[in-house]
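These protein sequence lines map, in sequence, to chains A and B.
With this note's numbering applied, the first sequence covers 893 to 1151.
With this note's numbering applied, the second sequence covers 1096 to 1291.
Read the hints as simulated data drawn from the structure, not as lab findings.
Careful, some of the hints might be misleading.
As the list claims (entries may be wrong) - Which stretches of chain B does chain A cover? Using the computed rule of at least three CB atoms under 8 angstroms from a CB of chain A, they are: (1) 1161-1168; (2) 1214-1225.
Stated by the list, open to error - Pair ranges (Cβ atoms, derived): (3) 1279/B <-> 1014/A: 44 to 54 angstroms; (4) 977/A <-> 1225/B: 36 to 46 angstroms; (5) 1218/B <-> 994/A: 33 to 43 angstroms; (6) 1249/B <-> 941/A: 56 to 66 angstroms; (7) 1285/B <-> 992/A: 48 to 58 angstroms; (8) 913/A <-> 1167/B: 56 to 66 angstroms; (9) 1202/B <-> 1014/A: 56 to 66 angstroms.
Nothing here was measured: the structure is a model prediction, and the numbers come from that model.
Quick reminder that beta carbons are idealized off the backbone N, C-alpha and C, glycines included.
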Amino acid sequence: MLKDLQKAIVKSQVWKSIFRVGIPTDNRKRAMAMLGNVVLHLHPIKVKKSGLRMSYTWCMGGTAFFLFLVETITGVLLMFYYRPTVEYAYFDMVDLREVAAFGVMREMHRWGAHAMVIAVWLHMFRVFMTGSYKPPREFNWNVGVILLVLTLLLSFTGYLLPWDQLAIWAITVGSNMARATPLLGHEGPGASFLQLGGTQLVHVGSDARFGLIAGRTIGGGTLIRFYVLHCVAIPLAAAFLIAVHFWRVRRDGGISGPV
Amino acid sequence: MSDEPEQESTAGETPPARAEAAATQASGTKPSDDVTRRGFFSWAAVAWVGFTAAVGGCVSAWGRFMFPNVLYEPPTTFKVGKPADFAPGVVDTRFVEDNGVWIVNEEGRLYALIAICTHLGCPPNWLEAQNKFKCPCHGSGYYKNGINFEGPTPRPLERAAIAIDPSDGQVVVDKARKFLWEQGQWEDPAAYIEVA
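Just chain B, same shape as in the assembly (with noise of 0.2 angstroms):
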């Protein structure tokens, strides 16, 4: 701090007597010396706060470094086709390999189903002739729908976004954003299209 006139003390600047004495200690000074304003914070608190500071800079600098800017990760929004092209009453698997998704036309909607276990995260597989999704890790099975039924998956499978792009007509899967049954989340218009 600089050179300052003295003056008199303002906004409670007075420290009491026993900071006094221990800044007084702590900055080296002759105990009888009054604290001034320059004393109270000594080279070496100012330093110790520097250090502290740049320390925690550097820990937070290398924490956020952690945390990847770029995935190689195929993207989560992918078109499948048109609307045409899934059959009533069909699960269609041309996607599961690629993108993790099956996409079922059943009563009137078309809905993409994540291919994820909602137990503890394998892909089921779709069993056409038994009419249902079995996961080969633990027996989770789950209905066409996704509904669950056997096994000790607590809870259906999720459904992706899922819409019409209007440029061409084409369908849009988004897996970024999910709708779980037991939340009441199938009935969101963006989780299904409606299909004749």
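So that you can see chain A by itself, here it is in the shape it has in the complex (with noise of 0.2 angstroms):
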């Protein structure tokens, strides 16, 4: 009787909508199975067997995606309860911490940062050690640093967020080296050189410091602007730039294996 079901359930026109082909029987239709999906065609259909060889990769690439994902969930997650004004933001950090149900998902959110950074330089050491930079891959190198500088600017945003000491005053002098940057910032070298009519162009209220911090000093438009900036800018040029940097690996050959 129980076939019965299966089949009345497998011929149905819902099951068929969903499910176009059956399951595959032979290499070929796994592999097509796996290329036409969506979702199945992000994995490769073989994996090289040297490629499961922890002592050689670290599997930190793995891993840093892995925490990618998590910082990504429970960041979402946290954003349910987390208000970026400076009248709440101190309070629903605390209140996620003490009150919230299994709040701990703001300490996982914290420490997987952390740990994600750590991850991503072991992987950019074990890239490096076992020359995965060479030719063909110098372009996923290259790839790859700026996914490490978006990381890490993923870290000096979200550090702002829990607007306490730590993070006001971390924060303020981080901020403060844009002041020197070339040109664009006012105490830095040539910022009297852009001028209209005898009026500075580049002062404390217009230089890149101003357009980072929102102010001319941290406050409430920098809090939300580096809260946009954690949760919807970067994450979405990061998770852009791990595809082509998977992309490129896929395309390379897979993970390398010795060669």
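Join the two chains, each given in its own frame, into one complex according to the hints.
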């Protein structure tokens, strides 16, 4: 009777509209099933056995990606309670820790961020030590460096969001560096070069630092700006570059094994 | 371009032969055709230029968007009372919390020290008992007049523009104008008020 039920389901229109092809029965059909599916095609059909050798690959790239997913999921969950205003930011963070059920996800997000930075550096080190940056992989190395910078920027923007003493002063010091940008920072070399009829174009209220922190000092404008960068802008850029990074690895024959 | 009567070329309009061939290929005309003034700018080139201009315009607009016009910060210009309110030799800390300046009356001059450590930007504290400003972050120390003498700070505290408002005789401080000792600006008349 169970077989009749199964047959009825599999022949139904609902089922056939979702699963257009039956279970693959040979290798060609298996390959086609992977390639033809939007979710499955993200994985390679086959993986070289040498790609599983963790003593060689360290699996740090995979770990970094896994942590990116952890950060995304915990981050989205935190967004349901955290409000990026000077009145609420710190207290919402404390409430997540003390009051919200499974609020340990705030801690997971923080530790995951530290772990991801470590994983990314170790991945970079491993790629360097195994020579996996040499042709034809030079471009992917550069994509990886940009991803490293984006990871560090995610850490930088996220650091401000708890809005505690550590956050405010760390970002004050960090963003003060932008004052000294050549041409675009109001205390940097060449700032007075950009003038319009005697009026300074680059001053404390219009230089690169001003655009970064949306104000002359760290304040509410900075908080919301860093929040949007941290939750939307940089993750989107990182997701796109991760896709490019993975595609390049696949195109060059999968994770590099021994020569 | 609309129909133009064929004229003798003016202002060096005649393109060299190689560009002529390239232009005809770009505009899709037969290689044997001459490049006319109409065909020089193919519609595709105009379209691309237009597209680039539109994208460039949008990116510029988004860039300008990112610089706020309105700030929710305390005003940089504020009044702090009459000159007589500040006794000689005293560092007034009443305006540090809300406005970020100390008003100091010393050696016949009234001046405003900006309460930002010149090392990395923390607000120092005035230690009355030890007669010095001390930064809690990395230990930078300054004398009452703002000169640095200990810790990692490379230069003295900055002074703000200070003047007397003629309408009511009150002292007005403008933090937007800063005076740096290492550039000799403390002698600028706008950096202090002469008091008895």
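Now the hints, each set against the structure:
no. : hint                                  : verdict
1   : 1161-1168                             : holds (count 6)
2   : 1214-1225                             : holds (count 3)
3   : 1279/B <-> 1014/A: 44 to 54 angstroms : holds, 51 angstroms
4   : 977/A <-> 1225/B: 36 to 46 angstroms  : holds, 39 angstroms
5   : 1218/B <-> 994/A: 33 to 43 angstroms  : holds, 38 angstroms
6   : 1249/B <-> 941/A: 56 to 66 angstroms  : holds, 59 angstroms
7   : 1285/B <-> 992/A: 48 to 58 angstroms  : holds, 53 angstroms
8   : 913/A <-> 1167/B: 56 to 66 angstroms  : holds, 59 angstroms
9   : 1202/B <-> 1014/A: 56 to 66 angstroms : holds, 59 angstroms
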